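Chain by chain, the residues run as shown.
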Amino acid sequence: MKSAAALLLLATAAPALAQTPPLIPAPTQPGQDQGLSVDVTDESAQDLSILIPAMPTSQPVDTPAGNTQALGRQIADVIAADLRNTGLFKPAGPDGIRAVPFGEVRAPDFGYWRGASAQALVQGYVQAGAGGRLTVGCYLYDVALGTELTRQGFEVGPSDWRRAAHKCADAIYTRLTGEGPYFDSRVIYVSETGPKNRRIKRLAIMDQDGANHRFLTNGQSIVLTPRFSPDERRIAYMSYQNDKPSLYVYDLAAGTQRLLVTDVSLAFAPRFSPDGRWILFTMSTAGNADIYRISSSGGTPQRLTTGPGIDTGGSYSPDGSRIVFESDRSGTQQLYVMNADGSNQRRISFGSGRYATPAWSPRGDLIAFTRMGGGFRIGVMSPHGSGEKLLTDSWGDEGPSWSPNGRVLMYSRGAQGSSGKSDIWAVDLTGKTSRRIATQLDGSDPSWGPIRP
Amino acid sequence: MAKLKTALILATMAVAVAGCQKKRPETLPPGPGAVDPGTAPGTGDNMGAAQPGTAAHFKQNIVSDTVLFGLDQYDIDADARRILDSQAQWLTQFPNTRITVEGHADERGTREYNLALGDRRANAAKNYLAARGVSAGRITTISYGKERPIALGSDEASWAQNRRAVTIVLN
Chain A
1 MKSAAALLLL
11 ATAAPALAQT
21 PPLIPAPTQP
31 GQDQGLSVDV
41 TDESAQDLSI
51 LIPAMPTSQP
61 VDTPAGNTQA
71 LGRQIADVIA
81 ADLRNTGLFK
91 PAGPDGIRAV
101 PFGEVRAPDF
111 GYWRGASAQA
121 LVQGYVQAGA
131 GGRLTVGCYL
141 YDVALGTELT
151 RQGFEVGPSD
161 WRRAAHKCAD
171 AIYTRLTGEG
181 PYFDSRVIYV
191 SETGPKNRRI
201 KRLAIMDQDG
211 ANHRFLTNGQ
221 SIVLTPRFSP
231 DERRIAYMSY
241 QNDKPSLYVY
251 DLAAGTQRLL
261 VTDVSLAFAP
271 RFSPDGRWIL
281 FTMSTAGNAD
291 IYRISSSGGT
301 PQRLTTGPGI
311 DTGGSYSPDG
321 SRIVFESDRS
331 GTQQLYVMNA
341 DGSNQRRISF
351 GSGRYATPAW
361 SPRGDLIAFT
371 RMGGGFRIGV
381 MSPHGSGEKL
391 LTDSWGDEGP
401 SWSPNGRVLM
411 YSRGAQGSSG
421 KSDIWAVDLT
431 GKTSRRIATQ
441 LDGSDPSWGP
451 IRP
Chain B
1 MAKLKTALIL
11 ATMAVAVAGC
21 QKKRPETLPP
31 GPGAVDPGTA
41 PGTGDNMGAA
51 QPGTAAHFKQ
61 NIVSDTVLFG
71 LDQYDIDADA
81 RRILDSQAQW
91 LTQFPNTRIT
101 VEGHADERGT
111 REYNLALGDR
121 RANAAKNYLA
131 ARGVSAGRIT
141 TISYGKERPI
151 ALGSDEASWA
161 QNRRAVTIVL
171 N
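Chains A and B supply the protein sequences, listed in that same order. Going by UniProt numbering, 138 is the number at position 138 of the first sequence; the sequence numbering is gapless. Going by UniProt numbering, 35 is the number at position 35 of the second sequence; the sequence numbering is gapless.
Hints may contain errors.
[Stated by the list, open to error] Restricting the straight-line Cα-Cα distance to at most 30 Å, the calculated cross-link-like pairs of lysine-lysine (DSBU-like) are:
no. : chain 1 : residue 1 : chain 2 : residue 2
1   : A       : Lys432    : A       : Lys421
2   : B       : Lys59     : A       : Lys196
3   : A       : Lys196    : A       : Lys421
4   : A       : Lys244    : B       : Lys59
[Said to hold, decoys possible] To give a feel for the contact side, a few chain A residues facing chain B, derived at Cβ under 10 Å:
no. : residue
5   : Thr193
6   : Lys196
7   : Ala289
8   : Gly399
9   : Ala415
Since the hints were derived computationally from the structure, they do not count as laboratory data. These figures come from a predicted structure and were not determined experimentally. Even glycine gets a Cβ: it sits at the ideal position worked out from N, Cα and C.
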């Protein structure tokens, strides 16, 4: 119930997470070209060392999220985990790190931290306000230079304390890498359990780090390929409800769903346009699958591809002007790009094997895909087909979904053999840093939502 | 209760028509709620003959309910024709029955493509049956892609079994 209340709050005008005004004027604002920075494209991982002490509280107060003293440690834990998962940083703390008194948060003991051989230092505090609302201050320091690199303040409801930690980690990541944020985001996916020939598949939602997990459907019908709307308020997905495989749109705040496409034997592969007004999908009539678009509020579908091949997996470019999709019109599955109205279709993949499940990066510069040939691997190429690079090497990787900043991909990893097991994994664009995302049960078909407001 | 009685009478008639010599027991065990005619007492596999026109009867009187396909293929080969011919024959004999054809794919394809591939296979079987005189209006199709394998291994033999179209009589 608590999460439902938070969602309702988000849906209304009042923001659940408000950035507070600057806490104190910064003594010096270092230029962007000064101090510490990390190059995310450098494949020789730099492992910048960051110390993250537990965040002190001015006064220990019990809140619905716990005592502010305990929260200060938990928030530091979440920040450390976010930064560690990037593979770019070597965070330490809050365990094994000296506790910081409240008065030291804005005036670090740089001499001490230099002795601890830290390059960067994250300090902050937690305070409880009216109604248990929490204020979290977040400061990043360059230890060698003894300067402040960035500061952020967040006010959140108690149930959103992890979001304050993710926002703080995003501020640090953004300041040090120059890349956009991605930690304060959610993932919609298919939770799986049961034997391989009778998998129970339920729609589920979680934070990008696996926390705040909850189920959205009960598992009575198979559900597949959920996709977030750009404002993350709706989810388009496929369901076998009433033995009629079709597409539905789920409203997260209301907890209701409605049928998107009616009177069709098979509709699948939905994906929202960047402005949220359209949903691309595939409809099959008499065994011929083509790509259509439909208003995200329903209506009459408009056909975008024709011809006898299987055309599916449509994904818009971030400006909405083009669509990447897969087709077996050449004899095997390959990637094609066309204009948003279906004109000017041209093939972009020419490597060996088959290419499928294209996903256009939110930055527009890359298209992620599944490449089949031996194993199933996740890779990226430019929208013109150049610069192909495979990021994973596995038996069953499939269906990449981009992080909001276009730096990380989440995907399904199916296990070989009779278990039918599947997990959700993430890999960054260097291909060096990959990890399994912890889910309650098995997982597949992740769709990474936008950075939260 | 009336439903159960009807089913029993029909079952008894089926046994008589089929000329089964097996004596029916004096008292039957109570049925668990509504009785599906296809599995009503006296029509099970052990009894040798199912009630004509039922799903069980269909399965007993055709070569197979399942046709198989090659990797990434959806063409109806000679084996599949033999199977579908027997299905068409039965369906012509019982013109009031309706069927659904399930299309499936093996796990060595991506999820969305396999949905389309399973749909192609189901429609290939449907079109063949229609060409053999079964009204297309009696046939619905559903694709399960790779979601419902019948063989669980990750090997060629299992994949060959999973690339299939299965005809199911709707009672």
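Here is what the structure says about each hint:
1. A:Lys432 - A:Lys421: Satisfied, since the Cα-Cα distance of roughly 24 Å is no more than 30 Å.
2. B:Lys59 - A:Lys196: Distance of about 25 Å is within 30 Å: holds.
3. A:Lys196 - A:Lys421: holds, 8 Å
4. A:Lys244 - B:Lys59: holds, 24 Å
5. Thr193: For threonine 193 (chain A), the interface hint is violated, since the closest Cβ of chain B sits about 14 Å away, which is over 10 Å.
6. Lys196: holds, 5 Å
7. Ala289: holds, 4 Å
8. Gly399: holds, 7 Å
9. Ala415: holds, 8 Å
Against the hints set out earlier in the document, a violation occurs for number 5 only.
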